[in-house]
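K.L.:
Take a look at the letters that make up each chain.
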Amino acid sequence: MLKREITYLEAIREAMQQVMKKDNDVYLIGEDVAEYGGAFGVSAGMLEEFGKERVRNTPISEDAIIGVATGSAVTGMRPIAEIMFSDFITIAMDEIANQAAKIRYMFGGKAKVPMVIRAAGGGGTGAAAQHSQSLEALVAHIPGLKVVMPSCPYDAKGLLIAAINDDNPVIFIEHKLLYKNKKYIQHVPEEIYEIPLGLADIKRKGKDITIVATSLMVQKSFEVADVLKNESHIECEVVDLRTLRPLDLDTVLSSLEKTGRLVCVEEACSFGGYMGEVAAQVAEKGFDLLDAPILRVAGKNCPVPYSLVLEQEMIPNTERIKKGVLQVLNMA
Amino acid sequence: MVKKMENIEKSKQKTGYTVIDGHKIRNYFKELDPEIKIAMLKKMYEIRHFEDQTEQFIIRGQIHGTCHLYVGEEATAVGAIYAVEKKDYITSTHRGHGHCIAKGANIDIMMAELLGKKTGYCKGKGGSMHIADVTTGNLGANGIVGGSIDIATGAGLTCKIKEKGKIVVCFFGDGAANRGNFHGALNMASIWDLPVIYICENNIYGMSMPVKEAFNISKISDRKFSYGIEGLTIDGNNLVEVYNTVHHFADYCRAGKGPVLIECLTYRWKGHSKSDAQVYRSREEVKSWMEKDPIPGYREFLIDDGILTEEEDRKLEGEVVGELNQAIKFAEESPFPDPGTVEEDVYA
Numbered sequence: 001m002l003k004r005e006i007t008y009l010e011a012i013r014e015a016m017q018q019v020m021k022k023d024n025d026v027y028l029i030g031e032d033v034a035e036y037g038g039a040f041g042v043s044a045g046m047l048e049e050f051g052k053e054r055v056r057n058t059p060i061s062e063d064a065i066i067g068v069a070t071g072s073a074v075t076g077m078r079p080i081a082e083i084m085f086s087d088f089i090t091i092a093m094d095e096i097a098n099q100a101a102k103i104r105y106m107f108g109g110k111a112k113v114p115m116v117i118r119a120a121g122g123g124g125t126g127a128a129a130q131h132s133q134s135l136e137a138l139v140a141h142i143p144g145l146k147v148v149m150p151s152c153p154y155d156a157k158g159l160l161i162a163a164i165n166d167d168n169p170v171i172f173i174e175h176k177l178l179y180k181n182k183k184y185i186q187h188v189p190e191e192i193y194e195i196p197l198g199l200a201d202i203k204r205k206g207k208d209i210t211i212v213a214t215s216l217m218v219q220k221s222f223e224v225a226d227v228l229k230n231e232s233h234i235e236c237e238v239v240d241l242r243t244l245r246p247l248d249l250d251t252v253l254s255s256l257e258k259t260g261r262l263v264c265v266e267e268a269c270s271f272g273g274y275m276g277e278v279a280a281q282v283a284e285k286g287f288d289l290l291d292a293p294i295l296r297v298a299g300k301n302c303p304v305p306y307s308l309v310l311e312q313e314m315i316p317n318t319e320r321i322k323k324g325v326l327q328v329l330n331m332a
Numbered sequence: 001m002v003k004k005m006e007n008i009e010k011s012k013q014k015t016g017y018t019v020i021d022g023h024k025i026r027n028y029f030k031e032l033d034p035e036i037k038i039a040m041l042k043k044m045y046e047i048r049h050f051e052d053q054t055e056q057f058i059i060r061g062q063i064h065g066t067c068h069l070y071v072g073e074e075a076t077a078v079g080a081i082y083a084v085e086k087k088d089y090i091t092s093t094h095r096g097h098g099h100c101i102a103k104g105a106n107i108d109i110m111m112a113e114l115l116g117k118k119t120g121y122c123k124g125k126g127g128s129m130h131i132a133d134v135t136t137g138n139l140g141a142n143g144i145v146g147g148s149i150d151i152a153t154g155a156g157l158t159c160k161i162k163e164k165g166k167i168v169v170c171f172f173g174d175g176a177a178n179r180g181n182f183h184g185a186l187n188m189a190s191i192w193d194l195p196v197i198y199i200c201e202n203n204i205y206g207m208s209m210p211v212k213e214a215f216n217i218s219k220i221s222d223r224k225f226s227y228g229i230e231g232l233t234i235d236g237n238n239l240v241e242v243y244n245t246v247h248h249f250a251d252y253c254r255a256g257k258g259p260v261l262i263e264c265l266t267y268r269w270k271g272h273s274k275s276d277a278q279v280y281r282s283r284e285e286v287k288s289w290m291e292k293d294p295i296p297g298y299r300e301f302l303i304d305d306g307i308l309t310e311e312e313d314r315k316l317e318g319e320v321v322g323e324l325n326q327a328i329k330f331a332e333e334s335p336f337p338d339p340g341t342v343e344e345d346v347y348a
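Line by line, the protein sequences are chains A and G. Counted from 1, the first sequence has number 202 at position 202 by the numbering used here; the numbering is strictly sequential. Counted from 1, the second sequence has number 44 at position 44 by the numbering used here; the numbering is strictly sequential.
Okay, chain G solo, but in the shape it has when bound:
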């Protein structure tokens, strides 16, 4: 039995505002067209099925190296990216497939990249940890934990200097929040009022290191005090709450009020990477978080609200499966890169 989240109930209230971690935030979600609400559900399905398929490819050895799956965290990427505009930039993480899909990447080309094919986003030179699509504003996943934090800050500087009105959404994990560049970048963004929404996806573990052992504070968002910026901690598995919060602070950033630090509490269902035996956590713990699956909670909410029927939902998920099958076919049938291209693309 899937638990419905309290905050989803709250967001159904008639009032136009909700209070999230002490911040009065407008219920922007309520004002959305039903098609967009359904599109967000579809995106979460896309990520879930894409990752399930990716896991299969890993098991079969068709994806080599390493790979980090986003299963269980879908509401954070989808809620946040839908709350900003298409023209805005994002930087992704070590666990980057979800952000890439939410930002609108073509899953055929993505899957081809994971299989190391010539037709992939990076012509087979990047793989899972380096997928980027600069033309759509996705400045890339990163193989270095926290590697994107200062790159996002630099994109924020570009927005401030010459692309006024654009903002940056910078995703990173709890592990990255203890990197030195987290401090350097957030401090710089705060002194220059850069339009960057820093989203810390606190999924409870940095590889095996539990957050409660890696931090001496109970809320990562409390680091906002060091930089004199706004910050709060929200339920990252509640798409509505993520959407409303990020929308609220996107307006704030666009108005030139500076950066913000949003901590999204979530959980990764799968191991850190393919080689993780998960000895550091219990089955019970994983199970308890699986009961807080962001997808059914949101789906039930749409059905209860009369936006979607059970039948339409099944059709929607069916479409996603069909599209994924097409992506698998495309990726598997695509050629590998010509070995002769190995030294191409080093320099512009």
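Here chain A stands alone, though its shape is the one from the complex:
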């Protein structure tokens, strides 16, 4: 029997639809999520299926979108708030960082804030500095938030369902280049399923070096692993963190027991980036496992530029990842 294959975008939509069918407290709120179907078409058709009350179009007020979602979550709803571009979470940073993330703690554990903030992140679309950022480190830094960045359709569905069912605010960052690209379609079960938050996945086994990545960088790491296997018989192990917070360090360390070498790949600017945290924790807890210094392959330390030539220079590509792997293997 032919197994059904769908895109990342379709997997995200299916996750929302299936949970909303089961749970009346779940609703979608955001800019242009109704008739328009969301800026990237993720919620296309959901207005017809669930109606205006549950697929709630908003004015351009990111702060109010997140604040309203937070207030409704504290009082018993389970909102999914869509922020069109992850860059725009900065407009709602008070609501995210000072309110949603901290309500439970500030109130001594006597409230919960079950909500998901979905946002499209990442560059590669030629959309320049304010529509291309990877801001996951900003939110992963804040206690009280969970942060998820799926790399493929199967994970996107299972992780989003888990995020919606989680009783904490979860920032769910989707990658624009993964949404519709047929290259990344995958078999995704039709039934409802969850992938627990805080569980990394060894997506490709290998014995020579560990590549830790998230989101689109996992896919790029696969390409590099293929090339290195063909060219030099190097076997890369690719660990997809899937959830940035909580971080599944154990899976990273167990991979390092085998390989002893670590390259961390991220699209965001390296300075203060999330992979700095991974590198620090590995250095603190797994130094003895390392046969070589840890290397980060990350975005250059500038805003995402407009010209495609410059953008390609800023964001890590397969060449840079390959070079990084060879460097850690002392083969550069």
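No wet-lab data here; the hints were simulated from the structure. Be a bit skeptical, because a hint or two may be false.
Partial selection, computed: residues in chain G whose CB lies under 10 angstroms from chain A [to be verified]:
1) 91
2) 126
3) 140
4) 146
5) 159
6) 162
7) 163
8) 165
9) 179
10) 185
11) 187
12) 192
Using 35 angstroms as the maximum straight-line C-alpha spacing, the simulated DSBU-like pairs for lysine-lysine come out as follows [stated by the list, open to error]:
13) 86/G to 110/A
14) 22/A to 162/G
15) 30/G to 257/G
16) 52/A to 164/G
17) 21/A to 86/G
18) 112/A to 118/G
19) 112/A to 162/G
20) 110/A to 87/G
21) 24/G to 110/A
22) 24/G to 42/G
23) 112/A to 24/G
24) 30/G to 112/A
25) 203/A to 21/A
26) 162/G to 52/A
These numbers were taken from a predicted model, which means no experiment stands behind them. We treat Cβ as the ideally placed atom computed from N, Cα and C, and that holds for glycine.
Chain G: place on chain A using the hints.
P.N.:
For chain G alone, coordinates are given in the frame of chain A:
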């Protein structure tokens, strides 16, 4: 000599209606049981004495960080919260003790929280600016000025979707009315007809910034025009006027007619916080507002109306002092939290 407020006199009139800022509003207060009228006086005493004690703790260094006192504004919190139902939600402000007490918080547990004790409402993790009691519908004070405005709006959305008949009272100050989220939230509430009573406590200063310099309009409630909603400005030191107005608009919200913006004119007697030298205002100005103290005006009104005797009033205030002494004892004798719990309650 305490000036009695004109509107209190008005509310004593035999007619069942009063006109407040152009709105014909029924005198719901007149129909109340005397016990409730007395209970509201008691609540105002509770807030006043609680805050006086809090100030003492600040001076003695037993309350650290910062704290914002509600003294002088009691009629707004008490009048508004008594005008809605127990099941309704409130969100409080940067200056939140008054709303919390008016909503029915236990002052033992509140005082314990201010002292950072394990037995406090937030197990010592919130303090003055984050006191909340979600189980009684108090969604919390807020350390961010205006931080509650959109949270209240979200609670209003919950009411509209699945808790029909409930409403939200959202308190915020004049300073908060200039935050960007004020606009986003009120606009959203207005397009969705959410049952939220936005109460702007205009106490004349946002920290040191006078309202007359922070706004180019003379009435903050005029912002109602931007959202196509009802709104008005009332005397926030007149409990009867606050009660009647909020009651009127609570019915309006419950009927699904959408949000409303009520500006309550009041004044904070104390500085913005403990570190405020108050160089931006004169003693005369403070004194003139202290003459408009909401408590004696209301007390005289109850006595004149034959609801309360001088002796009963003294007894009432005595009870409050006794209860507060109990709260102080409880808070002081309570243990501090176990340091080992510092990372608990981050996640559900």
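K.L.:
Please go over all the hints and tell whether each is borne out by the structure.
P.N.:
Hint check results:
1. 91: holds (8 angstroms)
2. 126: holds (5 angstroms)
3. 140: Holds, about 6 angstroms.
4. 146: holds (9 angstroms)
5. 159: It holds, given that the least Cβ distance between residue 159/G and chain A is near 8 angstroms, below 10 angstroms.
6. 162: holds (7 angstroms)
7. 163: holds (7 angstroms)
8. 165: Residue 165/G check fails; min Cβ-Cβ to chain A is 14 angstroms, beyond 10 angstroms.
9. 179: Since the shortest Cβ distance to chain A is 9 angstroms, the answer is holds.
10. 185: With a closest approach of 5 angstroms, the residue 185/G hint holds.
11. 187: holds (6 angstroms)
12. 192: holds (8 angstroms)
13. 86/G to 110/A: holds (19 angstroms)
14. 22/A to 162/G: holds (16 angstroms)
15. 30/G to 257/G: holds (25 angstroms)
16. 52/A to 164/G: holds (17 angstroms)
17. 21/A to 86/G: The hint holds at about 33 angstroms.
18. 112/A to 118/G: holds (20 angstroms)
19. 112/A to 162/G: holds (18 angstroms)
20. 110/A to 87/G: holds (18 angstroms)
21. 24/G to 110/A: violated (41 angstroms)
22. 24/G to 42/G: Within the cut-off at roughly 29 angstroms; holds.
23. 112/A to 24/G: violated (41 angstroms)
24. 30/G to 112/A: Not satisfied, since the Cα-Cα distance of roughly 40 angstroms exceeds 35 angstroms.
25. 203/A to 21/A: The given pair, whose Cα atoms are some 31 angstroms apart, holds under the 35 angstroms limit.
26. 162/G to 52/A: holds (15 angstroms)
Consistency note: the structure conflicts with the earlier hints numbered 8, 21, 23 and 24.
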